[in-house]
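Asks: Sequence:
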Amino acid sequence: MTVRFYANASKSAARAAAVRLAAEAARLGLAVSRRGACDAVVALGGDGTILRAVRRFPDTPVLGFNLGSLGYLASVGEEDFVNALAALAAGNFAVSERAMLEVDGVTALNDVAIMREMTGHAAILDLSANGSSATRYMADGVIVATPTGSTAYSLAAGGPVLMPDSRSFVVTPMNPHALGVRPMVVSDSVRLRVTSRRHVAGARERVGVYADGENVRMLKPGDTVEIAKSQRSAKLIELEGYDPYEVLNRKLGWSK
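Position in the sequence shown (from 1) plus 753 gives the number in the working numbering.
Accuracy of the hints is not assured; some may be wrong.
Label pairs and their in silico Cβ distance ranges [unchecked claim]:
(1) Val-938 x Trp-1007: 39 to 49 angstroms
(2) Ala-769 x Arg-985: 53 to 63 angstroms
(3) Asp-976 x Ala-762: 16 to 26 angstroms
(4) Val-848 x Gly-873: 19 to 29 angstroms
(5) Gly-1006 x Ala-769: 25 to 35 angstroms
(6) Arg-780 x Arg-889: 58 to 68 angstroms
(7) Asp-792 x Gly-884: 16 to 26 angstroms
(8) His-952 x Gly-789: 29 to 39 angstroms
(9) Ser-921 x Trp-1007: 41 to 51 angstroms
(10) Ala-779 x Ala-909: 48 to 58 angstroms
(11) Gly-884 x Ser-786: 39 to 49 angstroms
(12) Trp-1007 x Asp-976: 18 to 28 angstroms
(13) Ser-919 x Asn-968: 24 to 34 angstroms
Derived from the structure by calculation, the hints contain no laboratory data.
Every residue gets a Cβ at the ideal spot worked out from N, C-alpha and C, and that includes glycine.
Can you build the whole structure from these sequences, using the hints too?
Replies: So this is what it looks like as structure tokens:
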């Protein structure tokens, strides 16, 4: 097996770890690639590094080594780096196909967020599903998250946790101006459309569309954006014994 190490270039610890682990991988019988094709990518950093690795190596399985803080996607801690490489060398792993979203031709593993910029006015957003009007949000924005992304921005905004094999997405409003507005779980076959509206008083709110935190475009009043399941999926490596419930328990501190 050929592996490639992808480190968070802004962190000296990640760069140093990549050099150290490349030597360890070679000792274990793994071929190390610095350019060209590889069978697996080992991403060193936090969850942001994992998201960037998925975009940069779209058809290659990615394994996350956590050098960040929470690191939900980068689930391998520093104490297990060498054991994880040994598992790769021995073939003791599986590849999980994770659903992704697509908006304006851009894919997102975690979420697509439509949110107001820092102007002091709430955004007014109309949501429809498969052409049927669903609701109107007066809020800071709305997040559409995959099962993988349900533990990220959506969870912080009050959304539920979806397990990785859930065939669904969650739509989570951000600070809505109505107590009855709650997150909504929809089938991953649904095509969602969000339309930005102008305030009655005529105020023009700046509304941005973001895929995994990267700006896709800005919306003017009346503009519509469509969000749907991507035909592509992300490939994440799960080592032998991986248990998503245990990861939730450990990373989110539920047992405490």
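Asks: Confirm or reject the claim that Asp-976 and Ala-762 have a C-beta distance inside 16 to 26 angstroms.
Replies: violated, 35 angstroms
Asks: Holds or violated: 18 to 28 angstroms for the Cβ distance of Trp-1007 and Asp-976?
Replies: Violated: the Cβ-Cβ distance is about 40 angstroms, outside 18 to 28 angstroms.
Asks: Given a hint of 58 to 68 angstroms, does the C-beta separation of Arg-780 and Arg-889 actually sit inside it?
Replies: holds, 59 angstroms
Asks: Falls inside 39 to 49 angstroms, the C-beta gap from Gly-884 to Ser-786?
Replies: Hint holds: Cβ distance 46 angstroms, inside 39 to 49 angstroms.
Asks: Could you tell me whether the CB distance from Ser-921 to Trp-1007 stays inside 41 to 51 angstroms?
Replies: violated, 21 angstroms
Asks: Could you say whether the range 25 to 35 angstroms given as a hint is met by the Cβ separation of Gly-1006 and Ala-769?
Replies: For Ala-769 against Gly-1006, whose Cβ atoms are near 29 angstroms apart, the range 25 to 35 angstroms holds.
Asks: Assuming the hint says 39 to 49 angstroms, is it satisfied by the Cβ distance from Val-938 to Trp-1007 or not?
Replies: violated, 20 angstroms
Asks: Mind checking the hinted window 24 to 34 angstroms against the Cβ distance between Ser-919 and Asn-968?
Replies: holds, 28 angstroms
Asks: So the hint says 48 to 58 angstroms: do the beta-carbon atoms of Ala-779 and Ala-909 match that?
Replies: violated, 40 angstroms
Asks: Do the Cβ positions of His-952 and Gly-789 conform to the proposed distance bound of 29 to 39 angstroms?
Replies: Violated: the Cβ-Cβ distance is about 53 angstroms, outside 29 to 39 angstroms.
Asks: Taking 19 to 29 angstroms as the stated bounds, is the beta-carbon spacing between Val-848 and Gly-873 within them?
Replies: Given about 46 angstroms between the Cβ atoms, the range is violated.
Asks: Per the hint of 53 to 63 angstroms, is the separation of the Cβ atoms of Ala-769 and Arg-985 within bounds?
Replies: The hinted range 53 to 63 angstroms is violated for Ala-769 and Arg-985, with Cβ atoms some 33 angstroms apart.
Of the hints listed earlier, those the structure fails to meet are numbers 1, 2, 3, 4, 7, 8, 9, 10 and 12, in rising order.
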